[in-house]
Structure formats: C-alpha cells, structure tokens
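2 protein chains.
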Amino acid sequence: MHLTSERRLDDGVIEHTFTLGDAPGVLWTPGSVSGPVPLILLGHPGGLGRMQPRLEGRARSAAADGFASATVELPGSGDRPRIPAVEEARADMRRALAAGEPVGGDIVDRLVLPLVDRAVPEWQAALDALLALPGIGGPVGYSGGVISIGTRLAVAEPRIAAAVLFAGSFVPRAMFEEARRVTVPLHVLLQWDDEGNDRQAALDLFDAFGSKEKTLHANMGGHTGVPQFAGDAAARFFVRHLK
Amino acid sequence: MHLTSERRLDDGVIEHTFTLGDAPGVLWTPGSVSGPVPLILLGHPGGLGRMQPRLEGRARSAAADGFASATVELPGSGDRPRIPAVEEARADMRRALAAGEPVGGDIVDRLVLPLVDRAVPEWQAALDALLALPGIGGPVGYSGGVISIGTRLAVAEPRIAAAVLFAGSFVPRAMFEEARRVTVPLHVLLQWDDEGNDRQAALDLFDAFGSKEKTLHANMGGHTGVPQFAGDAAARFFVRHLK
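Those protein sequences? They're chains W and D, same order as listed.
Add 1169 to the 1-based position in the first sequence for the working numbering, that's all there is to it.
Add 1169 to the 1-based position in the second sequence for the working numbering, that's all there is to it.
Please note that a few of the clues may not be correct.
A pair counts as met if it fits within one copy or between any two copies, since identical chains are not told apart.
Stated by the list, open to error - Here are the simulated lysine to aspartate or glutamate pairs, DMTMM-like style, with alpha carbons at most 25 Å apart:
#1 1412 to 1225
#2 1381 to 1401
#3 1412 to 1297
#4 1412 to 1401
#5 1381 to 1364
#6 1381 to 1362
Hints listed in this document are in silico derivations from the structure and should not be mistaken for laboratory results.
Take the sequences, apply the hints, and build the full model.
Structure representation (structure tokens):
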C-alpha cells in the first residue's frame, strides 16, 4: 500500500488516498484520536469517482462515531482494467433488461461471481495494510456495496466483526449457500421499492444468513434513496458492535 | 373516564389507573413536565394484568422521551365479558393448530374482525377522554398490539400521527384493503422467526400500506423476543414524528 496524498476536510476528518497494487483507495481517519480506532470498510458498486460524494458522507459519519473508514476501487471498475467476461455478462444483462426479459441466473453468475472472487482477496489485502497503519485497530466492520462481496467477505475473513449489507444487487444462487455460513451480526438494508432489485431474492438471502443476530431494515425511496434515519440506524449498529 | 388511582414509580413516572365504561385502563405521565406532552397509545394482545410488566416498561421508555402513554383493556379480554363469537373462533383456531392444520381465512375473520370493530371506537373514546386531561396534548402515536386494530385506527382516526405496528397476529383479508388507505408514517416490527405468525402475510401487509414513509424492522428472537435495540429504534421513530 502506498499512501499518495493527505488532506484535512472541513470537519477535521483526514482523507488519505492510496494505491494497493493497481487499485486506488481512500482512507478516512477521525481528526482527533487517542489510540487505535475501529475500522469500517466501505463497500460500493464500483466507480470510486462517481461514488466519492456518498462515500465521503459515510466516512464523515463513521469518523463522527470514532471510526476510521476505507474503500478500494472494485476490480474492473473506475480506471482499472475491464474484466472481459464480466463486461460480456453486463452486456447480456442490459440486453435482457432492455427487452423486458428477466435476467437469468446464468447471466447473474457470470456478472457477479468473478467480481466476488477477485474483490474479496483485495479487501483482505487492504485490511492487512490498513491494520498495519498506526492509529487503525480493530474490530472491523464491512458496510454496503455489492451484497455478494459482503457475504463472501463475512464468511472468509475472520477479522470482520459485523456487517451492514445493502440488498440491492443480483444475487447468484451459490451465494445463498455461503450466506448460511455467515455468523457475525448483520444489519441488512433493503429499499422496498427498488425496481432494479429482486425483492424476493433479497428476503430469501436475509432468511438464509446463519447469523444469530440479523436485522432487516426495509424502507421506501428507491435504490439510491436510503433515508437519513436508516443510515443513522446502520451507524448505531456499528457503534453497538465495534465499540 | 374515571381516574381510580395514582402512584409514582421509582423513576418519577406517574401511573394513573382509570375506567372507561367497563374497560380498565392505565395512563402513564412523565414525572416532570412543562406544558402538554404528546401521547402514545400502547396496544397489546389483550389481558392487561398479564401484559402489565411489558406495558410498564414501554411506558417508562415513552416517559423518558417526554411522552405520556396510555392503554385500555381490549373487548373480551382480562376481566371484561367474553365475546361468544370470538371465543368460538378462538376454539376453532386452537383446534386447527392442534391438528397441525392451517388456520383458515374464515376463522381469522371471525377471530379478528369483531375485535377490530369493537376496539377501535373504544380507543377513539379513550383518546377523547385522555386529550381532555390537563398536561396531555398531541400529536398522538399508536404502538403495537393487534396489527389489524392499529391499521384500522390509523385509517379511521385522524388524530393518529404515526404508528409502530407489530406484525405478529393473523390478518383478515379485508385488512389488506384497509392498509392501502393508511397514510401516516409507519414503523413495522416483524419477528422473523415467530412460528405462530404468517411471515408472508406480514410482508404482504407491509407492502400494502399506503404510507409514503414506512419502514420494516425484522429481527430474530421469536414472538416475544423483540431485541432491546429494536425497541430503541421504535422509540426514536416516535421522537422523530411526535416531537
């Protein structure tokens, strides 16, 4: 990991950009800290540039609660090299949607699984590097982004102590089996009227998670319209589990 | 309404018992108040004596947020005269459950609709009397209890400004149509692994509610195991909407 820049935001939060291999990333740390702080990994759908304002808002909120937070560009997104098989699946998905056809399980598998296979080891490598920095400690939470990545990471990475998952993307059938192996406390956000999302699949996935503590918060407002109070509730979940 | 007793609880909350016709009720007011406070009607499944500890806990929490709260015994419950047709439906329901059969829509209608028809005007009469007391103002929230009663009350009673509904009881088919006419902000609690509850019916009812702001909080823990953090979230919902 190479730290490439540092600037102080108006509320004292320090934003550090870094690269990890060919992936750009951002780390936000609270302005005034005493001792190592817990870390929240901020998931997203890919495209850090486009997502920057919302990620920064989530990072400021995390910092206000005393957490560092960090994110890394997804494989095949932003300025990173495209993954041809994923691009092909994405084109198939768009064709299906444009034709008003359902997006078949085969397309979903080809679209999501290669991304999960690549992204999870990168989040783990980022975790290695971030936890080695002075001032960043545990426990670690994962928040948002592609729900299949969060699910796999919660299974594969024992340093993840709690996760806020956003049920807003296609879910490969294989992930339902992985979901049963998740045991950390989960807080799942579902936008009830998200037209691009399969609500029943989201409910089935919530049902499948093996965690003893799991909570589903469903709200109105469309895919990008998560209400402020729902974000606040997710923040309280992390305060409960990471402090 | 006849106030029949008054005692001060250890945290300063004042508990007033009353009767309204043949129905006993309880009003809790914050110990130290300046000016009229909002009111939360505390729903329950019937049987005030049995429910007293949990109702008192909810009342103390409401008082800590600066709210008065009140409850009234349901028709046919506690020491009130039984309603023969409802008792008959209840016996039919128990027979069905004991035989491992589904509880048919006809039984649900006979069990719940007469209760809704009788209870809602009583809550409205209680509201008339409670809002006439010094120190009790608006806005008014309704919380918990039989979800069909809360649904009808939210439609029929314009003084209800927001409702926390507990999806934990059988829902007559006719209530889905009424649900579409609900417009106040709703916070719906669902115990995901409540074996005595029809989860799909609860999700369908949530979907049917006409409210622009509606939130579903699903948690683990069985019918009576609503986690403390879920109660706290419901309390914050009322603070957002009644203050």
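If any of the earlier hints don't hold here, list their numbers in rising order. none
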